[in-house]
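Participant: Now for the letters of each chain:
Number of protein chains: 2
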Amino acid sequence: MHASRTCGTRTPPASEGLSRRRAGRPFAAILDKTRITSAALEIIGRKGYDGLTMAGLAKQLEVAPSALYNHVTAKRDVLQLAEDHLISMVDVSLFGRAPWEEAARIWAWSYRDVFAQHTSLIPVIAVLPVTNAPQTLEMYETVTRAFAAAGFPQNLIVSSIVAFESFIFGSAYDVTAPDDIFEAGSTVDSTPHFRAALKAGRVNERPADTAFELGLEALIAALARSLC
Amino acid sequence: MHASRTCGTRTPPASEGLSRRRAGRPFAAILDKTRITSAALEIIGRKGYDGLTMAGLAKQLEVAPSALYNHVTAKRDVLQLAEDHLISMVDVSLFGRAPWEEAARIWAWSYRDVFAQHTSLIPVIAVLPVTNAPQTLEMYETVTRAFAAAGFPQNLIVSSIVAFESFIFGSAYDVTAPDDIFEAGSTVDSTPHFRAALKAGRVNERPADTAFELGLEALIAALARSLC
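In order, the protein sequences belong to chains A and B. Residues in the first sequence are numbered consecutively from 5, following this note's numbering. Residues in the second sequence are numbered consecutively from 5, following this note's numbering.
Everything labelled a hint here was simulated from the structure, so no lab data went into it. You may find that some hints are simply not true.
Copies of the same chain look alike in the list, so a pair counts if it fits in one copy or across any two.
With a straight-line Cα cutoff of 35 Å, these simulated DSBU-like cross-link-like pairs (lysine-lysine) come out [to be verified]:
1) K63 - K37
2) K79 - K203
3) K37 - K79
4) K51 - K37
5) K63 - K51
6) K37 - K203
7) K63 - K203
Keep in mind the model is a prediction, meaning the values are calculated, not measured.
Work out the full structure: start from the sequences and follow the hints.
Facilitator: Encoded structure:
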C-alpha cells in the first residue's frame with residue numbers, strides 16, 4: 005500500500021542541498037514534496053501558519069516561486085503536505101494486531117504528542133479537507149477497519165473518530181499551557197473551592213497527562229460499552 | 005458576587021459613541037473595558053487574533069493609543085478581556101440546581117457553541133492564564149463547587165474540567181469544518197472501509213453535533229462511574 009506514495013514520508017531529510025552549495029557552481033537540490041514539506045514545517049514552527057507564504061517558502065528553499073508552483077499550486081496545498089506529514093508520524097501500528105482499546109490508546113497518545121509540537125497547525129488540520137492527503141486517508145482507513153472489526157455501529161464510526169480527534173486537538177494545546185495558567189491573581193478570595201481543588205491537584209506531576217488520560221479512558225470505556 | 009465586577013459583563017453594548025458624533029463638537033464616548041472588549045472581538049472576528057494590534061484597536065475605538073493604555077497595558081490584557089467576555093456567555097446556570105450531569109451537559113454545549121463562533125480565540129484561551137479574568141474564575145469556581153458536591157475526588161476535579169475543555173475546544177473547530185472535509189479525492193480506491201463508514205454516517209444530519217454528543221456523553225458517563 006505504501007509503495008506508490010511519493011510524499012509525506014515518515015522522516016523527511018533536512019534540506020541538504022542548502023549546505024552543500026559549492027563555490028562557483030551552484031548546487032540545485034532537487035525540489036520535491038519532501039523538501040517543500042520540511043521547509044514549510046520549519047517556517048510554520050517559527051512564524052505560525054499565518055506566517056507561511058508562497059514567496060517566503062520559495063525564499064527558504066532558495067528557488068524561484070515559479071519552481072515552487074510546479075509542485076504546489078497554493079498555500080493550501082503546502083498546508084496539506086505539512087498536515088499529511090505530521091499524520092504520518094502518528095502511531096497506528098497496533099490497529100488490527102491488538103485489542104482496539106489498546107490500539108486506540110497508543111494512537112491517541114502519539115497523535116496528541118505530534119500535534120503538541122505543532123499546535124499552530126491545529127486550526128488548519130481541524131478544518132482542512134483530506135483530499136489528496138494519502139497518509140491521513142490511510143490513517144482513517146486503518147482506524148475505521150479496526151473499529152468496524154470491533155463491532156462499532158457503522159454509522160457512528162466516523163463520529164467516534166472525530167470525537168477522539170477533537171479531544172486530541174484540544175489536549176495538544178493543553179500540553180503547551182504555562183504552569184501558572186490557573187493562578188487567580190488579585191481575585192483569589194472569591195474562588196475558595198477552585199483554589200482547594202487546584203491545591204489538591206498538585207499531586208499530579210504532569211497535569212496535562214492526567215487530564216488527557218482521564219478523558220481518553222472515558223472515551224474508550226464509553227465506546228467499549230456501546231459495543232455490548 | 006457580581007456587584008464588584010467592572011468588566012466582562014454579559015452583553016456589552018455596541019459602541020454607541022461612534023455613531024452619535026455631533027458636527028463641530030466631537031462626542032467622546034467614555035472609554036471603558038466594555039467598549040475595548042467589543043472592539044477587540046470585532047477585530048479578532050475579522051482578522052484573527054494575530055490581526056489584533058494595540059494601534060489598530062485604538063484606531064477602531066477612535067482614541068489615541070495613550071488613552072487605550074490607561075486601561076490595558078498590552079495586547080495580552082485585551083485578549084484576556086475578550087476571553088473573559090466569551091466565558092461570561094457560557095451557561096453555568098444549572099450547577100448547584102440540577103444533577104451535575106445535567107448541568108455539565110448544558111455547560112459543555114453552550115461552551116462549545118460560544119467558541120465555535122470565535123475559533124480564532126481558541127489558541128489564546130487554551131494557554132492564557134486566568135489571572136484577573138473574573139468571569140473565567142467564577143466559572144471555574146461554580147463548576148468546581150458542583151463537582152466537589154457530587155463527590156468527585158478532590159485531586160481530579162481540575163483535571164476533569166480540563167478534559168471537558170480540551171474536548172470542547174477541539175469540538176468547536178469541528179463545528180466550522182467544511183462538509184467535504186472527508187472527501188477522499190483521487191486516492192478514493194484505497195480506503196474502502198472509511199468510505200463505507202462515511203456513507204453510513206450520512207444518516208447523521210449534523211455530524212459535528214453527533215460527534216460532540218458521543219464524546220460528551222462518554223466523558224459524563226465515565227466521570228459519573230468514578231463517583232460510585
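Participant: Of all the hints given earlier, name the ones this structure violates by number, lowest first.
Facilitator: 7
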